[in-house]
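**Q** The listed protein sequences derive, respectively, from chains A and B.
Take 0 as the starting number for the first sequence in numbering that gives the first Met the number 0 and just add one per residue.
Take 0 as the starting number for the second sequence in numbering that gives the first Met the number 0 and just add one per residue.
Rather than coming from a laboratory, the hints here were simulated on the basis of the structure.
A couple of the hints might just be wrong.
Note that the list lumps identical chains together, so a pair holds whenever it fits in one copy or between two copies.
What the hints assert, rightly or not - Taking lysine-lysine pairs in the DSS-like style, the calculated list, with each CA pair at most 25 Å apart, reads:
id	residue 1	residue 2
1	Lys70	Lys146
2	Lys143	Lys121
3	Lys40	Lys70
4	Lys107	Lys70
5	Lys70	Lys143
6	Lys143	Lys123
7	Lys143	Lys116
8	Lys146	Lys34
9	Lys14	Lys47
None of these values were measured; they are calculated from a predicted model.
2 protein chains.
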Amino acid sequence: MELYSDEYFMNEALKQAQIAFEEGEIPVGAVIVSKNRIIAKAYNQTEKLQDVTAHAEMIAITSAENTLGAKYLTDCRLYVTLEPCTMCGGALFWSQISQVFYGASDPKRGFRQTNPKILHPKTKISGGLLEQECGDLLLRFFEKLRK
Amino acid sequence: MELYSDEYFMNEALKQAQIAFEEGEIPVGAVIVSKNRIIAKAYNQTEKLQDVTAHAEMIAITSAENTLGAKYLTDCRLYVTLEPCTMCGGALFWSQISQVFYGASDPKRGFRQTNPKILHPKTKISGGLLEQECGDLLLRFFEKLRK
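Just chain A, same shape as in the assembly (with noise of 0.2 Å):
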């Protein structure tokens, strides 16, 4: 079995992204990855379900429960193009993810803001993977609503 690399799971998050941008909304993707595969992709819907809860995180997380019919994914990595906000982290703290990666940094809304240790003690958190391209891809949506 080939192994995927964290960079080829961010960039299927980054695709995930590009549809939400496609689709007007802040450009957000996630995909959860089980056994190196991945088991859940999803973005942010939250202007088209006029949902303040359906960020790409929380979409994704009730993918993969469903996919595992379990509602832990202690064996499982969440790969998301911004930092978590608070919501999305106190899902993923009940979740108990064995570990997160996000691309961007969120200075405003992460759910670092709030309290760094929202997580669940288990999962190992890691930022700025993919970095610039899940930035550029935000920075270019503000840019273009601000025309």
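Based on the hints, put chain B in the right spot on chain A.
**A** Chain B alone, transformed into the frame defined by chain A:
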């Protein structure tokens, strides 16, 4: 039009919590009120759905936003039998809900443990409404679990 009291609405949230109790879920219930009318009712369904995001408040927020066709709950009040967790506090932040009433405190997982400033600055928060009744139902649930 008859104006209902806060106790009336919290009792409606308690009825939702009772349904959760009967279904073997941690008994937490919530209602969201707009213009003196209940626009969403929900109870915790994390076990049934095997979904850590399926807290009463999360389901109620999504449901209320669907009812209103809008993603902000600036003119709404939430009544929930237990102090919201960090995830739900984060979702309430995004919703800009005007007021939150909760019953029992959650000294372990309540949002105030993470950071009492999670909620939106516009959101008023009141704890301890029908605290005894809300707390007793939780106590009964955990006593039954231990047997």
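**Q** Next, verify each hint and record whether it holds.
**A** Hints, one by one, checked against the model:
1. For the homomeric pair Lys70 and Lys146, the shortest alpha-carbon distance between copies (24 Å) is at most 25 Å, but the shortest distance inside one copy (43 Å) is not.
2. For a Cα distance limit of 25 Å, the shortest separation of Lys143 from Lys121 qualifies neither inside one copy, at 39 Å, nor across copies, at 29 Å.
3. Taking the shortest Cα distances, Lys40 and Lys70 sit within 25 Å of each other both inside one copy (17 Å) and across copies (23 Å).
4. Within a single copy, Lys107 and Lys70 get their C-alpha atoms only as close as 30 Å, which misses the 25 Å cut-off; across copies the closest is 20 Å, which meets it.
5. Proximity of Lys70 to Lys143 under the C-alpha cut-off of 25 Å is restricted to the inter-copy arrangement: shortest distance 22 Å between copies versus 38 Å within a copy.
6. Proximity of Lys143 and Lys123 under a CA criterion of 25 Å is satisfied in neither setting, with 35 Å inside one chain copy and 35 Å between copies.
7. In the homo-oligomer, the alpha carbons of Lys143 and Lys116 never lie at most 25 Å apart, since the shortest distance is 35 Å inside one protomer and 32 Å across protomers.
8. For a Cα distance limit of 25 Å, the shortest separation of Lys146 from Lys34 qualifies neither inside one copy, at 43 Å, nor across copies, at 37 Å.
9. For a Cα distance limit of 25 Å, the shortest separation of Lys14 from Lys47 inside one copy, 18 Å, qualifies, whereas the shortest one across copies, 32 Å, does not.
In this structure, the earlier hints numbered 2, 6, 7, 8 are contradicted, and the remaining ones agree with it.
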